[in-house]
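Chains as they are written, first to last, in UniProt numbering: chain A, 1 to 132; chain B, 1 to 132; chain C, 1 to 132; chain D, 1 to 132.
Because the hints were derived from the structure by calculation, they are not lab data.
Please note: incorrect hints may appear among the correct ones.
One copy or any two copies: either way a pair holds, since identical chains are not told apart in the list.
Claimed, not checked - Subject to a maximum C-alpha distance of 20 Å in a straight line, what follows is the list of computed EDC-like cross-link-like pairs (lysine to aspartate or glutamate): (1) K109 x E11; (2) K116 x E11; (3) K109 x D23; (4) K109 x D12; (5) K109 x D85; (6) K116 x D103.
Number of protein chains: 4
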Amino acid sequence: MDAMMMGVMSEDMMSMDGMPAMDMAMMQACMDACAACEQACTVCSTQMMDCAPACMNCADMCNTMMRAMMRMQGMTPASMMAMLDACIAMCQTCMDMCMEHADMSPVCKMCADACKACMDACMAMRSAMAAA
Amino acid sequence: MDAMMMGVMSEDMMSMDGMPAMDMAMMQACMDACAACEQACTVCSTQMMDCAPACMNCADMCNTMMRAMMRMQGMTPASMMAMLDACIAMCQTCMDMCMEHADMSPVCKMCADACKACMDACMAMRSAMAAA
Amino acid sequence: MDAMMMGVMSEDMMSMDGMPAMDMAMMQACMDACAACEQACTVCSTQMMDCAPACMNCADMCNTMMRAMMRMQGMTPASMMAMLDACIAMCQTCMDMCMEHADMSPVCKMCADACKACMDACMAMRSAMAAA
Amino acid sequence: MDAMMMGVMSEDMMSMDGMPAMDMAMMQACMDACAACEQACTVCSTQMMDCAPACMNCADMCNTMMRAMMRMQGMTPASMMAMLDACIAMCQTCMDMCMEHADMSPVCKMCADACKACMDACMAMRSAMAAA
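Here chain A stands alone, though its shape is the one from the complex (with noise of 0.2 Å):
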């Protein structure tokens, strides 16, 4: 998400009931995150490895949870920690499957970093709800 979208969001597209603002620049790095995520495990489904189901798993996952970052208006803390606990188990289960094979697929190994990256980006973001 580039600077001029996250600039034209308002401090309400940002908040949920009962919760602060979260902070815009670690919410930008885990939509990115989350956008990054997807796409390397569409590109790794093509693959036709065993990760694959995987894979189309963790896609949706993290786009269902970058576009629930973008809806923050329809969560409350409660979904919002089960959805980023969710996102973290799909790419841990991703990334265990795609470091089987990622010393003879470089796919592989790409999928596996964009899902530790994503994963990290979650878990910085439940910390800090955690926290608020």
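Fit chains B, C and D to the supplied structure of chain A, relying on the hints for placement.
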């Protein structure tokens, strides 16, 4: 999902590593409840009421959940549990928002009912997995 | 989509600017065919056969088509026609690829059948719009 | 999509039956424009203005288009052309609706700009394919 489709799905398609195959009738009911909830939420979101962002989030999560149950080879018990929890939490959020105007909008009432049915179906899956 | 949901959708939800409202039974049949095709393609894609990328593309397009029919306020006759054409073309591509191994895979046969049914339902919508 | 990801995609991933491989820089630009448009439309749809249903339709179509370009093994020239036409038409519809209130909403202005950029990128792909 019709009975014909369930009939051609192999046991391998229904299984996760480290887990016995799920009960097919329970999974079919859960996939159907997710599909119905995605549709109800999508219709409800076009009303431009304040539940719309939650409805869009819930539609995406229910579609992601349904697809994940069709790609169980790419799930682990841990990621499946986390995804079910996220779907339950998102349905709860959407149901709560729609119930606030269920009296004046029959579409919101229908959406809240679909969210409730999807939550119940996901909870049944969750209980069955925890007992396995 | 069940009859209850169709019952609560207003005529406004079924209409595009500059077009009479569509026949509700025909739309319901088309949305159902798209939903069934998305599910069949999603299952088929997990088989890791060479049709899988076409199945994934078709699943996404059918979901997008179904949702667009639930959000007709955001469509014009021109964009509706183009979307129907894309869905028809994508179903054709997926059906052709799945038919190449329908003899050895009952899942591919089921997927090809679902693609054919979705194509036919989209073509019926297209004809009705062209005649309106 | 970053350069690293493009770098690991093989020529096979970029090719359709009966077509030379597409220009990778042009495809990368088109995938990026689709991703940016999906994000802009998703944000715009949360404003609850009358463009919202068109924005949601456009977000879904742009995501489907982007993914199809990452799964070219599952496309034919005919289905690719039809998908590009649908994406162009959907961006046009969304842009037209958002432009009606671009003066009062900077988010609608941003969304219309993203739709225009996505249309242009899809048209460039279309022209290149027609010339091949």
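Each hint tested on the structure:
no.	hint	verdict
1	K109 x E11	between (37 Å within a copy, 18 Å between copies)
2	K116 x E11	neither (29 Å within a copy, 26 Å between copies)
3	K109 x D23	neither (31 Å within a copy, 24 Å between copies)
4	K109 x D12	between (38 Å within a copy, 18 Å between copies)
5	K109 x D85	neither (23 Å within a copy, 29 Å between copies)
6	K116 x D103	within (17 Å within a copy, 41 Å between copies)
In this structure, the earlier hints numbered 2, 3 and 5 are contradicted, and the remaining ones agree with it.
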